[in-house]
Structures are given as C-alpha cells and as structure tokens.
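Produce the entire structure from the sequences given, and follow the hints as far as they go.
Protein chains: 2
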Amino acid sequence: MDSGYVTLEQVAEHAGVSLATASRVINGSTRQVSQRLRDRVTASAQQLGYLANASAQTLARNSSSLVGLLVHDISDPYFSSIAAGVTRCTEEQGLVLVLGTTGRSVQKEGRVLAALRSHRAKAVILVGSRSTDEESNARLAREIEAFRRQGGRVACVSQPGLPADTVSPDNASGAAALARHLVGLGHRRFAILAGPSDLRTARERLDGFHGALSAAGIALDHNNVMHGAFTRDGGYESTRRLMTLGTDATCLFAVNDVMATGAMAALRDLGMKVPGDLSVAGFDDIPTLRDLTPALTTVRLPLEEMGEKAAELALDVDHEGDFRVVTVPGEVVARESTAPPTAP
Amino acid sequence: MDSGYVTLEQVAEHAGVSLATASRVINGSTRQVSQRLRDRVTASAQQLGYLANASAQTLARNSSSLVGLLVHDISDPYFSSIAAGVTRCTEEQGLVLVLGTTGRSVQKEGRVLAALRSHRAKAVILVGSRSTDEESNARLAREIEAFRRQGGRVACVSQPGLPADTVSPDNASGAAALARHLVGLGHRRFAILAGPSDLRTARERLDGFHGALSAAGIALDHNNVMHGAFTRDGGYESTRRLMTLGTDATCLFAVNDVMATGAMAALRDLGMKVPGDLSVAGFDDIPTLRDLTPALTTVRLPLEEMGEKAAELALDVDHEGDFRVVTVPGEVVARESTAPPTAP
DNA sequence: CACGTCCTGGAAAACTCTTTCCCAGGGTAG
DNA sequence: CTACCCTGGGAAAGAGTTTTCCAGGACGTG
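Read top to bottom, the protein sequences are chains A and B.
For the first sequence, counting from 1, position 327 maps to 327 in our numbering; every step adds exactly one.
For the second sequence, counting from 1, position 266 maps to 266 in our numbering; every step adds exactly one.
The hints are simulated quantities; they were obtained by calculation from the structure and are not laboratory data.
Note that the coordinates shown come from a computational prediction; the quantities given were computed from them, not determined experimentally.
Identical copies look the same in the list; a pair holds intra-copy or inter-copy alike.
Calculated lysine to any residue pairs in the SDA-like style (CA-CA distance at most 20 Å, straight line): (1) 108 <-> 91; (2) 309 <-> 65; (3) 309 <-> 328; (4) 309 <-> 320; (5) 108 <-> 92; (6) 108 <-> 93; (7) 108 <-> 159; (8) 108 <-> 51; (9) 108 <-> 94; (10) 108 <-> 65; (11) 108 <-> 49; (12) 273 <-> 339; (13) 108 <-> 52; (14) 273 <-> 336; (15) 309 <-> 91; (16) 108 <-> 84; (17) 273 <-> 295; (18) 309 <-> 323; (19) 273 <-> 290; (20) 273 <-> 293.
Right, here's the structure in full:
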C-alpha cells in the first residue's frame, strides 16, 4: 500500500495459502477452492489492497483485456458518435479501450495495428471507409489476418469486403431512398458533392443516388458531380467550385453530413438561401446536425448503435467461422433544408 | 510468421548471439553493441518479422507505453477536440492511448484509474471539471497519489486544485471579458445558464461574469440565473424554464457552448429571434459552433492545443517536484448571436 | 612486462502471474 | 478390505522481456 506494489504472492503468504490457490480464488478458474480458503484469500487481498498486474496476466494468459478502436479523426462527430457506442459496450464488459487515430494514413493504421498486436489486444474495431485501392486493401487484409492468427478478433464498421465481421450501412439503398424523396419534392436537376472518388462509402452513396435517378428517368450532368475531401472544408471548397463554374441544379446532395455542413456555410457566404435558392441534403445524421439552420435533410444512421453492434460482434467469442455482415438501413429524415424547387 | 509469435530468443538464435545482446540491439539500451552484431540482429529481426511482446516488456521494465485519457463523454465536441490534441502528442512519441469515459461518475473514474494502474500506464490525463464536492475531490486526490507512487505521471485539464500538473482556462477572466463586451453593446439585464451549481468550471465562469457586471454597477437578478445539466439538453431545458417563468433580460449567457446551442434551439422552438429578441453568448468555441445560425458569440479556448499541452506536461519526465499550472487565456469572439439590445 | 581499466558479450536472475502436474486424503465400489 | 477415483492443495514450470553480474580480451600506463 505504501510505495510499491502488492503482489499475489504477498496475498497468498498473508492468507497462509499457496500462490496457486490465491490465483484460483482471485480470478476464479475452473478449479474449486474450499469456501474457507476462499474467504481467507479475498479478505487478505482486500486488506492489502491487492491490484493484479495486468501485464503479468497478459503474459501468462497470452491475451489481454485491451480492445482497439481505429478511427480516422476522433474530433469528427461521425467517429466520436460511433466511439461512444463502442465504449458503452467495452466498459460493460470491463475491457479497456485503446484509441488509435489514423488520419486516413495507411502507414499509421499499420503502426497502430502492430501496437495492438504487440499488446495482445483481444479485439480491434476498424471504423470508417478505406480506399478502393486494391493494394492497400490487400495489405490491410493481411494485417487483419496476422491479428487474427494471434488470437485477436476483428470487426469493421462501414468497410465491407474485408475478412472480418462487419457492420455496414446500406449506403446504396439509403441514397436511393433519399433520391426518390427529393424527386418526389419535384427536383429534376441535381448536383452532388461526391467526396473522394476512391472511397468506397462515397462511391456507394453516389451510385445509389445515381441509380435511383436513372430509374426515374433523370439524367445526371457530369459537370454537377464534384469530387473533393470527405470533410467540412472539402464540402465548402467543392461547393464554391461548383458555384463558380455555375450550375442549373435545384438540389445539392452531399454524400455525408460534414460535407453538407460545409456546403451550407459556402452557400451562406455566397448569399444563397437554403432551401429557397437551392435545397441541400446530406447523409449520416450526425448529432450536430439538428442545430443547423435550416436543419438538414439527411439519411439517418444509428451511429452509436452501430458502434455498439460492432463491439458486440468483435467480442462475441462464441462465434467462429464465416464473417457476419450486419447491414444497417438508413432512414430518410426530411427537415427544412429541402423544399420543392421554386419555378425557374 | 506463421501462426505463432516470433520471440526475441528466436531472433537471438537466428543471429547467433545471446538473448541479452539481442535485447540490447532491439531496444537500444545504454550498453554498446558492436556494429557487426548489431547488423546481424536487426537483419534477423527483420527477416523473422519480430514484434516485441509489449506485456513482457512492461513486466520487465515495470512501465508500459500506455497513456490514459479520461473524459466525461467522447461524443461531446469539447472533449473530442481535446482528445484530438492529446492523440497528436502521444502518437508522436509512439505511445498508445487508452480512452476512458466516465459519464461524470466518480465510481467509473475510479475503475478506469485502477485499470490504468494495473497496466502500469505511463501517464494519465484527466479532462473536464469535477465537482466542488470536497469528499469526492479528496478521493480523486488519493487515487492520483496512488497512481503517481507507482511511477505514473498525471496531468489535468480544467480542474485546478488537484495534486497534478494542470492546464486551466482562465474562466473568470474570460467570462469577465465577455461580460464587459456585452455591456459595451448596451446590455444591462442578463440571464445566465449557469450549469450545475457544484461544478467548478461552471462556477468560475458564473463568478467571473457576475464580478464584471458588479464592477460595472449592474446587478444580476437571482431569478435570471438558471442551474441545470452541463449539456445541450440541459441548456434547452433551462432556457424553456427561464422563458416559462418570464425574464426581462436582453442577453443570455450560457457558461458553455453546448448549453448555448441548446438554448438557441429552445429559443427557435419558442419563435424567438436571436439576436433580435435576445442576444446569446457561450463559452469554449467548440468547432461545431461556426455552423450555427446565427453564429455564436463565445469565448474562444484553444481546445486542441490544451489537450496537446496537457499531454506534454504529463509526458515531460524531466520535471519533478511542484505542480505546474498552465493558464490558458480565453479570447472573446464576437459573432452574430449578439447585438445591441433593441429599445424596450 | 605486469597490472588496472574499459569494453563487449553471455549467463542467469528477476518481473508477476497462470496452469499443469503431482500428491495426499477421503469416499465408494467391488 | 483393497483398489480406484475424485477432490482440493501445493510445487514448479512456463510466458518473453530487461538487467545485473561476471568473464575475458584489448588497451594504456608505469
């Protein structure tokens, strides 16, 4: 209690039992220990203020109570919402969460994954879409395999196609439903902030939206599709570019909410009214959205639940074998940022 | 490389050196190793794909590369911004960040702290104001002492008075500066969303604001000070309550931005115009603020830098002895949510 | 040339647990 | 009554590092 550590050996000695017995009492192994000794050991542990040395346990068991969570940017509300769901689940189970931020860098991702492997983390949860680049996906798949071979478990959010359990929003259907809703409002000419062209999530949403338009007999002008960074500033920038080039669109769809937020800021700076001059819609329903004016129409994803579900998948030790995919439907939430187009 | 682990012993054998030498090469101890052996060992490690077992290292060194970060709620942009700053610093140093969320529960805080102790974490950073309750502060102080006795380092953000290095915003001065600014605009009657009455940060801001008003010869009506939860919903709720009771105030100060955000939503729902019917100001300058309409007047804190600074303090191993306090000034940022009061 | 010093490498202890193996004692079945 | 099994306890063998201690060789000095 003073300055050093209380070891299990000291507890055993204090209780007058062997080290083995003390260990069996404290962690509750399969072996039985008589009630009498059990009481003595717990009393001694209590009295001495025993706290197990986690690294010694990890070394002996070859498995730790650490769970990794990899996100691109923790200050992005999309990721922090998912992170909140993950923490809820891990804390329930007494596990310790390790947060790694990748900044979308494959190298950093690799470093964090290696660190988790080195710590014998029990599981890792990868959040956020990766690129569609074949090579970096293959490398990630190898890292995942290495992690799993060491006894770790893996789950992904928003990145289907990897060799792991996955929680994946139904991007295409959600975007299609949104498109139909907007067409229902009377819109015929759309502009799209499509994000990076090599990002899977971005592309699925674009394709779903585009597909639904095609099905409704509406063409999408190539000049109305802007690619750019998947961030608020990317949305701002893309919108300015779009407006500088000029557009005939009556409705702007940003494939995620942070870009839509940037778009709204750009339009405000340009003196354009939403939805009067242009309707705007996003995707994700991040919590900060409801405080925008006008409130943003979007496709709602249950972000916290998705994080929680991913953690459950990753920590469900019973399951072995093929990879499960949980598809999460998106729900169109109509708010004030979209309205029927005003007559031209 | 196949299914098991490569140990340092295997690397040593492969390189034809002793375990001790291999260890000295890989981690770079104080001891010299000849260039010849050095090359052999690194080559073998590379070839075999050696990855150190972190728990074994922790056990042997009695210190790990883990750094704890305790926040109340990671999905709150205030905390996630600070977290982003902390991660930047820890990743630079190759450390692994453990994220603990407390939900403002003292028990959970204790549990996380114990887990970090058990893992021999190198440092822990406590973010967010605690209560002004003497007893729970004393308990926290004891936990901190225990952590430090085990060789860990501690830093706090926004909670001065604890036995640890601290990064603390100058709440009183910032709030006072804001008050002077608002008085300068012509406001004389204020309402305040003061947060929980036992939260140190909240009280400092309230007191600073109040003090500046007094200095300007302005009284603060007791009925215009609403206490409530330190969250968006708390701000919403408090504002509704305030308006239901009725107020003569021309300006509303919420002691943090998330409450101000809730206040704006409540006013919108009540059909009141900001700043036309009521000016609103907050405190913190969380990133999401700039996308509100009208944009919120606030006191800007450099949140990411504060996180980074706290991490630096916690990881500055050179420093021993008395506790350093870094005071961070807040800067009034005037935006559209405040304007001179309209004639009564 | 002898002796002390410095430097490099290796053997082995230490770190704190978990778990296997072994043993004693008591109960049960034949 | 003996052989066998079952239960509960302890000794000891790991788990993979770091680090201390010791040995031997090179080198410098008197």
